[in-house]
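Asks: Residues per chain, in single letters:
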Amino acid sequence: MSQKEVNNMTTKLLKTSLALIPLTVSLSLAANVKDPLTPQQWHLKNNGQKAFSATGGVKGSDLRVRKAHKMGTRGQGIQVTVIDTGVQISHKDLANNVVAGSVDLLNGGNNPVDNNGHGTAVAGLIAAVGYNNEGVRGIAPSASLNGFNFLSEQSLTSFLASHGKSEGTKNTHVFNQSYGSGDIFPRAYDIENDLELAITEDTLQSVSMDNADGRGAAFVKSAGNGFNFFGFSQYFILPGNYFSAADDGEIRNHGLPMENSNAEISDSNFWNIVVSAFNASDQRASYSSVGSNVFMTATGGEFGSNSPAMVTIDLMGCDAGFNTTDSLGSNGLHGGTNIDPTCDYTSVMNGTSSAAPSMSGAIAIVMSANKNITARDAKHILAMTASKVDANNAGVSLPFTDSNGDPAQYQAVDSWQQNAAGYPYHLFYGLGKPNVNKAVKMAKRKGKHKYKKLSKLKITPWFNKNTHLEIPDAQVVGATSIHNVNIGKKFVIEGVQVKLDLDHARLSDLSIELISPSGTRSVLMTPNSGAFLGQNAVDVPLTGLRDQLMLSTNFYGEQASGNWRLKVVDVGGEGDGNWILYDRVTGDANLMEPENNIQPGTLTNWSIRFFGHKGK
Amino acid sequence: MMKIITLLLLTITLTANCLATDLPRLPEKHDAQMVTVGFVEIDGQRYTKIMSPERIKAFSPVTTKQLLASQPGLFSGDMIKQGKLSNIERISGNLLISTEDKTAMASIAQLHQLAITYTLNNMAILKAPKGQELTSLLKALKADKRIKVVNLERIVNKMHPE
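So the protein lines, in turn, are chains A and B. If you count by our numbering, then the first sequence holds residues 1 to 616, one letter each, in order. If you count by our numbering, then the second sequence holds residues 1 to 162, one letter each, in order.
Rather than coming from a laboratory, the hints here were simulated on the basis of the structure. Just so it is clear, the structure is predicted and the values come from calculations on it, not from any experiment. Using N, Cα and C, we set each Cβ at its ideal position, and we do this for glycine too. Take the hints with a grain of salt, since some may be wrong.
[As the list claims (entries may be wrong)] A partial selection of chain A residues facing chain B, derived with a Cβ cut-off under 8 angstroms:
#1 G109
#2 L156
#3 S178
#4 N193
#5 N225
#6 T325
#7 L454
#8 V538
Using the sequences plus the hints, can you model the full thing?
Replies: Encoded structure:
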C-alpha cells in the first residue's frame with residue numbers, strides 16, 4: 001500500500017469515525033434513557049418477570065428484539081396503520097410517533113376516537129414512543145402511526161378508507177387488524193356474485209403489492225380468541241363437554257380448537273398474515289384460535305392476574321380504558337397505583353389482538369432495517385429466521401368409536417413437523433415465532449451474503465378436480481382425491497389455497513387434510529370445530545360446503561408441481577358432535593345434539609391454487 | 001333458508017358463578033333487545049325489520065303495531081335480521097354492481113338516479129338518494145340487462161376486537 005493510499009484510508013477512517021460520533025453518542029444516551037415500565041414488557045425481553053401478575057413466565061419466551069433496538073433499528077421510516085376501535089393519538093406515549101392520515105369513520109374528522117381502549121393498547125404495542133422516560137416502549141418504537149376506528153363503522157366504504165384506499169394510508173407499510181368474527185355458517189368463496197368479497201380481496205391484493213411507492217404493505221390479522229369457545233351474534237358457541245369435562249376427567253373438546261381460524265373467509269385470504277398467540281411461558285395462549293392458515297405466532301400473553309398479559313398503553317385517565325379506579329387490586333399496576341397514578345398504562349391487554357401488533361411491530365422493524373426490501377420480503381425474512389414455540393408440543397390425537405364399534409384414534413393435530421423446504425411448522429404456531437434480532441441482521445447483510453429479494457409474486461389459476469368420492473362414516477381411512485398439478489417451471493410456494501364442495505350431514509365430524517407432492521401434511525380443518533355448526537340448527541339443514549375456501553402456510557418454500565392429495569376423514573360416530581348454544585342475554589345454555597349422518601358424505605369437487613415465485 | 005331455529009334441546013342448569021367467570025353476559029343495552037317492526041323480502045328471502053326501543057320511543061305516541069303497519073319497504077338506515085341465528089344487518093343505502101362493460105357504469109347510475117362513490121374494474125359502489133325505497137330499486141337494477149350482479153350493501157359490524 002502506498003503512502004498516498006495510507007493517507008487516503010486514514011482520512012476516510014477519520015471521517016467515518018467522526019461521522020459515527022453523534023450516532024454513538026445518541027445511541028448511548030438513548031440506551032440510558034429509561035421507559036420505566038419497559039422492564040415489565042416481557043414480550044421485548046422475557047427474563048421471567050411477573051409483569052404485574054402473580055407469577056412470571058419463562059426466560060426467552062419473547063420476540064428477541066432488544067439487540068435490534070440497541071443497534072438503532074426501531075422502525076424509523078415505516079408507517080403502521082392501526083385499524084381498530086380507534087387510537088388515542090394524543091396519548092403522551094404515542095403522540096410523537098403519530099403522523100397525519102387518521103380518520104374518525106363514525107363522525108368524520110381526523111381524530112379516530114377510541115372509546116374502548118383496545119386500539120390504543122394495540123397501537124402502544126407497535127409504536128409507543130421509546131427512550132422518552134415515559135411508560136412503555138413499542139416493538140418498533142420509532143415507527144410512524146395513524147389509526148381508524150373501523151370497528152365502530154364497518155361499511156365497505158370504511159373498509160376501503162382504512163385498508164389502503166385513502167390519502168392517509170397510501171404510504172402505509174403495515175396494516176394491523178386485531179379483529180375478527182366467529183361464525184357457524186359457511187360463506188362460499190364466490191367472487192363473481194359476492195361483490196363485497198370481490199372488492200375487499202382486490203383491495204388487499206393491490207395494496208399488498210403496490211402501496212408505499214412499491215414496497216407494498218403487510219396486512220397483519222389476529223387469528224381469534226376462540227380456542228375454547230367463541231362468540232356469534234348474541235351467543236357463545238361451546239363444545240358439548242364444556243361444563244362437564246372437568247367432572248368427567250375429559251379435556252374440553254378433546255383438546256381441539258372450537259374456532260379454527262381457517263373457517264373465516266378473510267383469514268383464509270392469502271393477503272392477510274394471520275397470527276396466533278403464545279404466552280410468557282412459551283406455550284399456546286389458552287384462548288388462541290389456530291389453523292393451517294396461521295403464518296406465524298407472536299406474543300399475546302394470558303390475563304395479567306395469575307400470569308402475565310401484555311404491558312402497553314391505556315386510554316389516559318383513571319375513568320377510561322382497562323386501567324380504571326375500579327380495577328385497583330386486580331394486578332400490581334391498575335387502579336391509580338404509585339407506579340402509574342394517572343392510569344395511562346395497562347397490564348391486562350392480551351389476545352391474538354396483541355399477537356397481531358407484535359407481528360406488525362416485527363415487520364415494521366425489519367422493513368426499517370433495509371429500505372430496499374418489500375413488505376413481502378420482511379415477511380419472508382421473519383419466516384426464515386423464526387424459531388419454535390412450545391417445541392415439545394405433541395399435537396392432538398382424537399379418540400373416537402369407529403363405525404364398527406371399535407376404539408380408534410386420529411391424529412388431528414401433528415407435533416412440530418418439518419416441510420420439504422426445511423421449514424418447521426405446527427397447526428398452532430404456523431412457522432414459529434419472530435426472532436427480530438436475527439431477522440434484522442439478515443435484512444442488513446451486505447456483500448456476498450446480502451439478502452436477495454424475492455422475485456415477483458405469481459398467482460396460478462385454480463386447478464380444478466371433479467370427483468365423486470364417498471367419505472366413510474367414522475373411519476380413519478377417509479376419502480382421498482389425487483390431483484396432478486403441473487406448473488411446468490419451478491414454482492416456490494408462499495401459500496396454497498383450496499376450495500371445495502362436499503356433501504355431509506354433520507360437517508363437524510370432518511377433518512380435511514391437504515398433502516403435498518413431498519408428503520407434507522397440512523390439516524386444513526380440524527374435526528369438532530364450531531365453524532359450520534349452524535348447519536343443523538336451522539329449519540332447512542345445509543347439505544354441505546360449496547366453494548369453501550381454506551389456506552395453508554405449511555408448504556412454505558416447497559415446490560408446487562406434482563401430485564396433491566386432498567383427504568377428507570369422518571371421525572364422528574353416534575353420540576358425537578354435541579355442542580352448546582349459550583345465549584349471552586338470557587344465560588340459557590342449550591345442548592345441541594345433531595344426529596350422526598345416515599348417509600356417508602361425498603367429496604364432489606375441489607380446486608387448488610398457489611401463491612409464490614419462480615425459483616428452486 | 002335460515003328461518004326460525006327449532007330448539008328441541010336440553011337446557012343445562014348452570015351456576016351464576018360459572019357464568020360470571022367464564023362467559024360474560026351481554027350488557028343490558030344490546031342488539032338482542034331490538035323490537036320487530038315489519039317484514040321485508042330481499043332476493044326472495046324474508047327478513048324481519050327491527051328497531052331499537054329508543055328509536056321506537058321517538059315515534060311515540062304511535063304503538064308498535066301501528067309502526068309495524070307504517071313501515072313497508074326498505075330504506076337506508078333500516079335494520080334487518082333473518083331468524084334467531086343471525087347477525088343484525090344495517091342497510092347503508094349503497095348498492096354494489098358489476099357490469100360486462102364498465103363504460104356503461106355512468107349511464108346506469110344516471111338512469112337509476114344513483115351516485116357512483118367508488119369504482120374498481122367492472123364493479124362499482126352506487127349510493128341511492130335518501131328516502132329511496134330500496135327493494136323496488138333492487139328489482140329495477142336486476143332487470144337492467146347491462147348489470148351482471150347487484151348486491152345490496154348490508155353492514156353487519158360483526159368484526160370485534162380479538
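Asks: Hint by hint, say whether it matches the structure.
Replies: Status of each hint after checking the structure:
| no. | hint | result |
| --- | --- | --- |
| 1 | G109 | 19 angstroms, violated |
| 2 | L156 | 6 angstroms, holds |
| 3 | S178 | 6 angstroms, holds |
| 4 | N193 | 5 angstroms, holds |
| 5 | N225 | 5 angstroms, holds |
| 6 | T325 | 20 angstroms, violated |
| 7 | L454 | 26 angstroms, violated |
| 8 | V538 | 5 angstroms, holds |
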